[in-house]
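Under this note's numbering, the letters of the sequence shown match residues 1 to 202, in that order.
Check the hints yourself; a few may be wrong.
As the list claims (entries may be wrong) - Using C-beta positions, here's what the derived DEER-type ranges look like: (1) Asn101 with Arg80: 29 to 35 angstroms; (2) Asn101 with Glu77: 33 to 39 angstroms; (3) Glu128 with Glu106: 21 to 27 angstroms; (4) Cys73 with Glu106: 45 to 51 angstroms; (5) Arg80 with Arg110: 41 to 47 angstroms; (6) Arg97 with Ser74: 31 to 37 angstroms; (7) Tyr113 with Arg85: 39 to 45 angstroms; (8) Tyr113 with Ser74: 28 to 34 angstroms; (9) Glu102 with Asp76: 36 to 42 angstroms; (10) Cys73 with Glu104: 42 to 48 angstroms; (11) Arg85 with Arg110: 45 to 51 angstroms; (12) Cys73 with Lys98: 35 to 41 angstroms; (13) Arg105 with Asp83: 30 to 36 angstroms; (14) Arg97 with Asp76: 28 to 34 angstroms.
These are calculated hints, taken from the structure and not from any lab test. C-beta: ideal position from N, C-alpha, C; glycine also.
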Amino acid sequence: MNADHYTQYSQGPPMQWQSTEPSHHAHPSVMHPNTEFGARYLPPITAPQPAQPHSNGKTKRNHSNSGGSERACSSDEASRILDERRRRNASASARFRKRRNERERELVVRCMYLENQLLQAVGAVSFESIMRKAPAVERSLMVGRHLLTQPDNEDDGSPSPSPVSVSALTAPRSVDDVWSAYLKLSEQLADAVQRIDGLETR
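Generate the whole structure from the sequences, applying the supplied hints.
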């Protein structure tokens with residue numbers, strides 16, 4: 001009986017081994033025992049994690065490089081706009097000066113023409129006495145207008161206007177006063193104005 005009793009307690013449940021199908025949680029060559037003891041002490045197997053690329057430093061450098069290029073582009077654009085604005089202002093100033101000089105020259109030529117007509121109509125003595133009533137002009141303006149005040153009829157023997165009368169007529173700041181002097185002259189010398197009209201219609 002002792003032998004039978006020993007053999008009864010010494011025999012245990014048979015161990016059965018089976019091969020499991022490969023899955024994403026276990027290696028295909030691992031053999032798992034089909035018992036409670038083997039399942040209890042089997043360590044868990046986890047899937048490997050993919051490695052994370054270290055790109056933080058490169059991203060920061062890219063951001064810093066892009067920021068520097070944007071600042072350089074904005075600075076170049078501002079400089080280009082400023083140069084274009086200066087060029088346009090210079091062109092506008094040149095056009096304004098050209099128009100002003102042309103208008104001033106036209107006024108000077110017109111005044112000289114009327115002065116010559118009055119000189120021929122009333123004579124040198126009366127003309128000088130009338131034109132001396134025009135406002136005074138600075139010496140620099142008389143010198144600056146020297147080329148414009150040269151008479152065109154020096155060879156035909158006609159009298160030439162005096163520097164006093166011509167300088168009064170060619171001064172830019174006294175153009176309105178000169179025209180007022182001509183209006184007063186036309187009122188006082190009606191016969192001279194009629195003779196001027198006759199000369200202009202020839």
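Hint-by-hint comparison with the structure:
no., hint, verdict
1, Asn101 with Arg80: 29 to 35 angstroms, "32 angstroms, holds"
2, Asn101 with Glu77: 33 to 39 angstroms, "37 angstroms, holds"
3, Glu128 with Glu106: 21 to 27 angstroms, "26 angstroms, holds"
4, Cys73 with Glu106: 45 to 51 angstroms, "50 angstroms, holds"
5, Arg80 with Arg110: 41 to 47 angstroms, "46 angstroms, holds"
6, Arg97 with Ser74: 31 to 37 angstroms, "35 angstroms, holds"
7, Tyr113 with Arg85: 39 to 45 angstroms, "43 angstroms, holds"
8, Tyr113 with Ser74: 28 to 34 angstroms, "59 angstroms, violated"
9, Glu102 with Asp76: 36 to 42 angstroms, "39 angstroms, holds"
10, Cys73 with Glu104: 42 to 48 angstroms, "47 angstroms, holds"
11, Arg85 with Arg110: 45 to 51 angstroms, "38 angstroms, violated"
12, Cys73 with Lys98: 35 to 41 angstroms, "38 angstroms, holds"
13, Arg105 with Asp83: 30 to 36 angstroms, "33 angstroms, holds"
14, Arg97 with Asp76: 28 to 34 angstroms, "32 angstroms, holds"
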